[in-house]
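Asker: Whole structure, please, built from the sequences with the hints as guidance.
Chains as they are written, first to last, in our numbering: chain Z, 1 to 112; chain W, 1 to 112; chain V, 1 to 112; chain C, 1 to 112.
Identical chains share a label here; the pair holds if one copy fits it or two copies do between them.
Okay, derived cross-link-like pairs now, SDA-like style, lysine to any residue, Cα gap no bigger than 20 Å in a straight line: (1) K70 x S5; (2) K70 x Q82; (3) K70 x H44; (4) K70 x R109; (5) K70 x A81; (6) K70 x A111; (7) K70 x Q43; (8) K70 x G30; (9) K70 x A102; (10) K70 x R42; (11) K70 x A9.
For the record, the hints were derived by calculation from the structure and aren't laboratory data. Model, not experiment: these values are computed from the prediction.
As a plain string of letters, each chain reads:
There are 4 protein chains.
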Amino acid sequence: MPHESIDAAMRQCIDACLNCYSVCLSTATGHCLAIGGAHVERQHFTLMLACAEICRTAAHFMLLGSPHHKHLCAECAEICAQCAEDCERLGDMNDCVAACRACAEACRRMAA
Amino acid sequence: MPHESIDAAMRQCIDACLNCYSVCLSTATGHCLAIGGAHVERQHFTLMLACAEICRTAAHFMLLGSPHHKHLCAECAEICAQCAEDCERLGDMNDCVAACRACAEACRRMAA
Amino acid sequence: MPHESIDAAMRQCIDACLNCYSVCLSTATGHCLAIGGAHVERQHFTLMLACAEICRTAAHFMLLGSPHHKHLCAECAEICAQCAEDCERLGDMNDCVAACRACAEACRRMAA
Amino acid sequence: MPHESIDAAMRQCIDACLNCYSVCLSTATGHCLAIGGAHVERQHFTLMLACAEICRTAAHFMLLGSPHHKHLCAECAEICAQCAEDCERLGDMNDCVAACRACAEACRRMAA
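Answerer: Here it is, written out as C-alpha cells:
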C-alpha cells in the first residue's frame, strides 16, 4: 500500500491504473497474440499497448506526488475509454473492457 | 486481474512487485524527501529508486509472458532484500521494509 | 534509429525526449543527491523525476505510433518548461536547463 | 548527454540501449504489426517487446548510477542476442538485427 501521504481516493485510482495496466498488457500478449486475426490488427494492438503505458505512467505520477498527475489522469481516462470501446467491438475481451472502464472512471474523478 | 494465461503463483508475485514498486516510490518522495537528512543520502535514495524500477520491470516481464521473467525476478529479489536492509538501518520505514521483504520472497520462489 | 514509419520531425522529437530523460535522471541522482540542500528539496526533486518520466513516456508513444502522442507531447512541453525554470532558479544546472528547453520546443511543435 | 558523473563507456552503452529500445519498439508496431503473419507470432512479438523493455531498464539503471546496472546489462546482452537471432531468422529486419547486436556487445562489456 502506497505511503500515507497519498489519500484514499488516490490510492483507489492508483490501484485501478495498475490493474488496467496489468490486464491490458497480459491480455495483449496472452490473448490477442495467441488468437491473431483482428486481435493483432495494428490499430487495435497499438491501442492496447498505449493503454497499458498511460495507465503505468498515470500511476507513477500519483505515486511521485506530482501535481501534474491530474493531466495524466485526464489523458488516461480518454485512452481507457477508447480501449474499452475497441475491445468491446472485437468481443471476447470482457475483463479488458471492465478494467478499462473502471480505470477511466477513477481517472476522470482524479482529473476533475 | 491479469489475463488467465497467468497462474496463481505468478499473479501473487506480480501483485507483490507492483505493491513494492508503489511503496518504494511513494515513500521515497512522500517520506524520504520530506524528512531529508540520511533519507536523501545518495546511496540510500538511489537504492529506493532502483528497487522501484526493478519491481516495475519484473512485473512487466511476467505480464508479457516472457520466459526471461525468472532472471528479472532473481535480480528483483536481490535488490529488494538489500533495500529492506537499508530501510531497516535508517528506521521509521516499516511499510517499506515489509513490502520489500514480501516481494523478495515471492520473487525468489518465481526465480527458482 | 527508429523504424522508417517515423518521419524526421518525430525522430528529432524522440531524440530530444530521450536526451532530456537521460539528463534529468542522471543529474537528479549524480548531481542533486550529491550536493543536497535545495537540490533535494521535495518540490524540486519530484519535478526532476516527473520530467524524466514524462519524457520517457512521450518518446514511448511516438515509438508506438499512437495518435495520442500529441497530448503526451503537449504535457511534456509543459513539464519540461517548468523544470527548466526551476533548474535555472537553483543554478549550476545548465545542462539540465538546455535539455529541458530543447525538449519543450520539440514537443510543442509535435503537439501542434 | 547524461550527467558527467557517467563516464564515456557507460554513455556509449546507454546510447546503444536507448537506440535498441527505440528500434525494437518502433519496428514491432510499425513493421511487424503492419506485415502480420510470422511477425505477429506470439513468441517473436513478445521477444521484441521484452527486448525493448530490458534495454529501457538497463539504461535506467546506468542513469540512476546504481551498482546493479551490471546485472541488468548482462541480462540485456542475453535478450538482445536472442532477439537479433530471431529477427535474422524472419528476415527483412536488418535495422533491428544491427541495433540488437550493437547493444548486446556494449552491454556485455559493461557487465564484465
